[in-house]
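*Asks:* Letter by letter, the chains look like this.
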Amino acid sequence: MKERIHKDVVIVGAGMAGLTAALYCGRMNLDTLVLENALVGGQIANATSIENYPGFKSVTGQELIGTLQKQAESFGAVIDEFDEIERVTLKTSPKLIETQEKIYEADVVIIASGMNRRKLPLAEEKKFSGRGVHYCELCDGHAYEGKIIAVAGGGNAAVDAANFLTKYSDNVYLIHRSQLRADDVSQKRLRANEKVTVMLQTEIKALHGDKRLESVDILDKATGETKNLAVDGIFVNIGVEPNTALFKDELTLTASGRIPAGEDCRTEIAGVFAAGDVREKEIRQLTTAASDGTTAALLAEKYLSKLKAGD
Amino acid sequence: MIDIVKVYTIQSCPWCAKVKKYLASKDVEFIELDIEKDPAARDACKKLTGMDYAVPVTTIDDETFVMDYDKDELDKLLCL
Numbered sequence: 001m002k003e004r005i006h007k008d009v010v011i012v013g014a015g016m017a018g019l020t021a022a023l024y025c026g027r028m029n030l031d032t033l034v035l036e037n038a039l040v041g042g043q044i045a046n047a048t049s050i051e052n053y054p055g056f057k058s059v060t061g062q063e064l065i066g067t068l069q070k071q072a073e074s075f076g077a078v079i080d081e082f083d084e085i086e087r088v089t090l091k092t093s094p095k096l097i098e099t100q101e102k103i104y105e106a107d108v109v110i111i112a113s114g115m116n117r118r119k120l121p122l123a124e125e126k127k128f129s130g131r132g133v134h135y136c137e138l139c140d141g142h143a144y145e146g147k148i149i150a151v152a153g154g155g156n157a158a159v160d161a162a163n164f165l166t167k168y169s170d171n172v173y174l175i176h177r178s179q180l181r182a183d184d185v186s187q188k189r190l191r192a193n194e195k196v197t198v199m200l201q202t203e204i205k206a207l208h209g210d211k212r213l214e215s216v217d218i219l220d221k222a223t224g225e226t227k228n229l230a231v232d233g234i235f236v237n238i239g240v241e242p243n244t245a246l247f248k249d250e251l252t253l254t255a256s257g258r259i260p261a262g263e264d265c266r267t268e269i270a271g272v273f274a275a276g277d278v279r280e281k282e283i284r285q286l287t288t289a290a291s292d293g294t295t296a297a298l299l300a301e302k303y304l305s306k307l308k309a310g311d
Numbered sequence: 001m002i003d004i005v006k007v008y009t010i011q012s013c014p015w016c017a018k019v020k021k022y023l024a025s026k027d028v029e030f031i032e033l034d035i036e037k038d039p040a041a042r043d044a045c046k047k048l049t050g051m052d053y054a055v056p057v058t059t060i061d062d063e064t065f066v067m068d069y070d071k072d073e074l075d076k077l078l079c080l
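Chains A and B are the protein sequences, given in the same order.
Residue 12 in the numbering used here is what sits at position 12 of the first sequence, and the numbering runs on without skipping anything.
Residue 63 in the numbering used here is what sits at position 63 of the second sequence, and the numbering runs on without skipping anything.
Excised from the complex, chain A in its bound form:
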């Protein structure tokens, strides 16, 4: 039988929003647990250089998140990155978070579960995953020293990945089905990088290889012509999808799978807040994630005060 443990606040997700909420909750002496089953830091754990977070000219994701984690822990927040959540029940009081090992009874739940990288939507993706198809440049980029690399995608993450991978290869393709969406600074850096060949309006249609990836079929959407391109490895950065599967039976989700909540981060269930990229909103940046974490934590404390006063 699983041990039952009460917490003032359980935060689901240890990205920028979740850790900021943990920092604030810790500073307000709330008994706070953060559960994370992937990487502490979320999407920025792999970021090689962050240049738009105030106060830092340039910082790696690991440096920024490492500092924030220590800050939150120094105020008493506990971060468990190994015990995975199996199910949640949010409409009861207290709310229940059942993990592989325990059942947490929480007065407040802050959902900051962020987003996951979208997988390459091709049947062969599974065959080549880890054998030529990768999702972490920092982990697997080294494997392609002197080889031919492709990056799929056109946003900031893809452009930054292409630039980063030229550390290992003089032959990097950036392949994207439409126009680049990356910010001007990243695009300028890309255009100046002679090791990257940019292929826009180009779609990856198939992956080939015996035991490992050897080539890809690409469709030039302008001409309708398909050709085969020799590639040893492809790094996929084609966007993200909200990590809300755990909550789909408890909360109404938007068409994009996010949680509807206003700037106050309150969801349709009292005592349940949504913070960061998982919340339906127009702007999703590190700074707005930190802002959401702050708001959710401060309003969580108000909710808890009222709950304890019996209001």
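No lab work stands behind these hints, which were simulated from the structure alone.
There could be a bad hint or two in this list.
[Claimed, not checked] As a list, the in silico DSS-like pairs of lysine-lysine whose alpha-carbon atoms are at most 27 Å apart:
1) K102(A) x K26(B)
2) K46(B) x K167(A)
3) K188(A) x K57(A)
4) K195(A) x K37(B)
Bear in mind the structure is a predicted one, so any value in this text is a computation, not a measurement.
Assemble chain B onto chain A, guided by the hints.
*Replies:* Same frame as chain A, but now just chain B:
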């Protein structure tokens, strides 16, 4: 003879860090082999997995191994 748990890593890899933290949280003693700094470790890791520079890789007997952070598989490999 006591088997030694080996974890092949590179410094910049966040999943390598997670594997090391997980083993530490379970009080598993291990040796870390940084394949960027140790060419012999790189060769051994390549021989084990058939892939060059694929990390993290955890092994206890230099035959069976777990690639990436896969908690269930690590638990099985190390009888946790």
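*Asks:* Are the hints correct? Go through all of them and say.
*Replies:* Evaluation of the provided hints:
{"no.": "1", "hint": "K102(A) x K26(B)", "verdict": "holds (16 Å)"}
{"no.": "2", "hint": "K46(B) x K167(A)", "verdict": "holds (21 Å)"}
{"no.": "3", "hint": "K188(A) x K57(A)", "verdict": "holds (18 Å)"}
{"no.": "4", "hint": "K195(A) x K37(B)", "verdict": "holds (26 Å)"}
In the structure shown, no violation is registered for any of the earlier numbered hints.
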